[in-house]
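Those protein sequences? They're chains A, B and C, same order as listed.
FYI, the numbering for the first sequence is 0 to 153, going by numbering that gives the first Met the number 0.
FYI, the numbering for the second sequence is 0 to 153, going by numbering that gives the first Met the number 0.
FYI, the numbering for the third sequence is 0 to 153, going by numbering that gives the first Met the number 0.
Derived from the structure by calculation, the hints contain no laboratory data.
One or more hints might be untrue.
With a Cα cut of at most 25 angstroms, we get these calculated SDA-like pairs of lysine to any residue [claimed, not checked]: (1) A/Lys77 / C/Val29; (2) C/Lys49 / A/Pro101; (3) A/Lys77 / B/Asn32; (4) C/Lys77 / B/Gly31; (5) A/Lys10 / C/Lys49; (6) A/Lys77 / B/Arg126; (7) B/Lys49 / A/Glu4; (8) A/Lys77 / C/Val25; (9) C/Lys49 / A/Thr104; (10) B/Lys49 / B/Gly140; (11) A/Lys49 / C/Lys77; (12) A/Lys49 / B/Val54; (13) B/Lys77 / A/Val25; (14) B/Lys49 / A/Gly100.
Remember, predicted model here, so these are calculated numbers, not experimental data.
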Amino acid sequence: MTSVEETLAVKGYTLPEPPDALFNYVPYVVSGNLVFVAGQVPIGGARDYKGKVGVDLTLEEGQEAAAQCALNLLAQVKDAVGGDWIRLQRCVKLGGFVNSGPDFTDQSVVLNGASDLMVDALGEAGRHARFAVSAPSLPAGFAVEVDGVFEIVP
Amino acid sequence: MTSVEETLAVKGYTLPEPPDALFNYVPYVVSGNLVFVAGQVPIGGARDYKGKVGVDLTLEEGQEAAAQCALNLLAQVKDAVGGDWIRLQRCVKLGGFVNSGPDFTDQSVVLNGASDLMVDALGEAGRHARFAVSAPSLPAGFAVEVDGVFEIVP
Amino acid sequence: MTSVEETLAVKGYTLPEPPDALFNYVPYVVSGNLVFVAGQVPIGGARDYKGKVGVDLTLEEGQEAAAQCALNLLAQVKDAVGGDWIRLQRCVKLGGFVNSGPDFTDQSVVLNGASDLMVDALGEAGRHARFAVSAPSLPAGFAVEVDGVFEIVP
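Please work from the sequences and hints to get the whole structure.
So this is what it looks like as structure tokens:
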């Protein structure tokens, strides 16, 4: 067990198997020192996070969904570094989309679920730039989608 | 005629002239080994792909629109490598926005139109990370907008 | 006073102090030659740019909001280069989200407020790739959010 999994376990999180890309794309691409990870949805967690945050899901459930997206991003990154966490330099950037209606204004609060998970898992190396916006709808009705850029030792 | 154009021709596609950026920005920027291509809309194809997918356009038309965006991305990349396809290493990342209403859930299906085109054109080098989300509206009412990051030999 | 601030002053703009990231993320991350700047909202300007462009704000006000986002991006970049503008090579990419309703089609016009500011400030080095899309809502109800990628000399 490596430190990232250990750290996550202390917080009550389990790193899932990296979700497959379902179509004609790949879960991540490594280019130089950067890993571009495809947008992750909140699958593999305690429940099915579908619907609009603020309508079908509470803010807390939205944060849990965002945390699950972050776990899935880390699962992809683990695969990208061949399980060798020492090769992971840092989380560079997260792009967060919240499934919500036109009056929702707590996108940042929802995305904190992902940002906090990343810092819980990686410490200072988990601190990242990000955007947090709404989308009127997301694939399969998921509540949150988050993509990411990470820096690794190639 | 180079292999990418030949491959696309076999599939019935023609690479357009790279669309101009209409305002005070540029169609692409090269930074190191990466080409960042501006968001492309589905112009230059068989028809005008405007409106909301699932309302004004069928899923199939949405996929055609996404494929046209991918063609326009490739046209920009061709320009970025001075027409020398051997310098194109791979498609790294696509960011896809589908113009749709709040109940639409087939963003991934629509974006497959772009992903499939990219793999048709480039083979394994066309496989990319991506996100697929909805936008409530897009510039000039276009049905899809896709931006991209590509790796090249500078 | 360096040239970017001087140039902006001639145009009537003042570079603000770089806005803090409010939560568990950081305003920018440097990775190699690239600076990934977090999504900036239009704070620190002449007024509070909140609401939907085309409904609560005019197109011109939307452009002002986008320009304010661009100023905030530049303020972050200034911090990233330790105030040494000579280290800034260029603006590579802007990602623009406009808070608007489902019938809005002038996302490009709004984002020109950011693109023009960037070129006003940096000249040719300010010309960038970009996407311009709508979001149904944005954090705290802001009218525009823009993130950016810049190239620097590390």
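Right, here's what the structure says about each hint:
Distance check on the hinted pair: A/Lys77 and C/Val29 sit about 22 angstroms apart at the alpha-carbon level, within 25 angstroms; holds. Annotation: proposed proximity of C/Lys49 to A/Pro101 holds, straight-line Cα distance about 13 angstroms (limit 25 angstroms). The suggested pairing of A/Lys77 with B/Asn32 holds, with an alpha-carbon distance near 24 angstroms, which does not exceed 25 angstroms. For the hint linking C/Lys77 to B/Gly31, the alpha-carbon distance of about 21 angstroms falls within 25 angstroms, and the restraint holds.
As the CA atoms of A/Lys10 and C/Lys49 are separated by approximately 37 angstroms, the hinted pair breaks the 25 angstroms bound. Between A/Lys77 and B/Arg126 the alpha-carbon distance is near 20 angstroms, which keeps this suggested pair within the 25 angstroms criterion. With a CA separation close to 47 angstroms, the supplied pair B/Lys49 and A/Glu4 exceeds the 25 angstroms bound. Between A/Lys77 and C/Val25 the alpha-carbon distance is near 23 angstroms, which keeps this suggested pair within the 25 angstroms criterion.
For the given pair, C/Lys49 sits about 11 angstroms from A/Thr104 by alpha-carbon distance, which is consistent with the 25 angstroms threshold. At roughly 5 angstroms between alpha-carbon atoms, B/Lys49 and B/Gly140 fall within 25 angstroms of each other, so this suggested pair holds. A hinted pair counts as satisfied when its Cα atoms are at most 25 angstroms apart, and A/Lys49 with C/Lys77 does not qualify at roughly 40 angstroms. Taking the CA atoms of A/Lys49 and B/Val54, the gap is near 22 angstroms; set against the 25 angstroms cutoff, the hint holds.
For the proposed pair B/Lys77 and A/Val25, the alpha carbon gap of about 23 angstroms is at most 25 angstroms, so the pair holds. For the hint linking B/Lys49 to A/Gly100, the alpha-carbon distance of about 23 angstroms falls within 25 angstroms, and the restraint holds.
When the structure is compared with the earlier hints, violations turn up for hints 5, 7, 11 and for no others.
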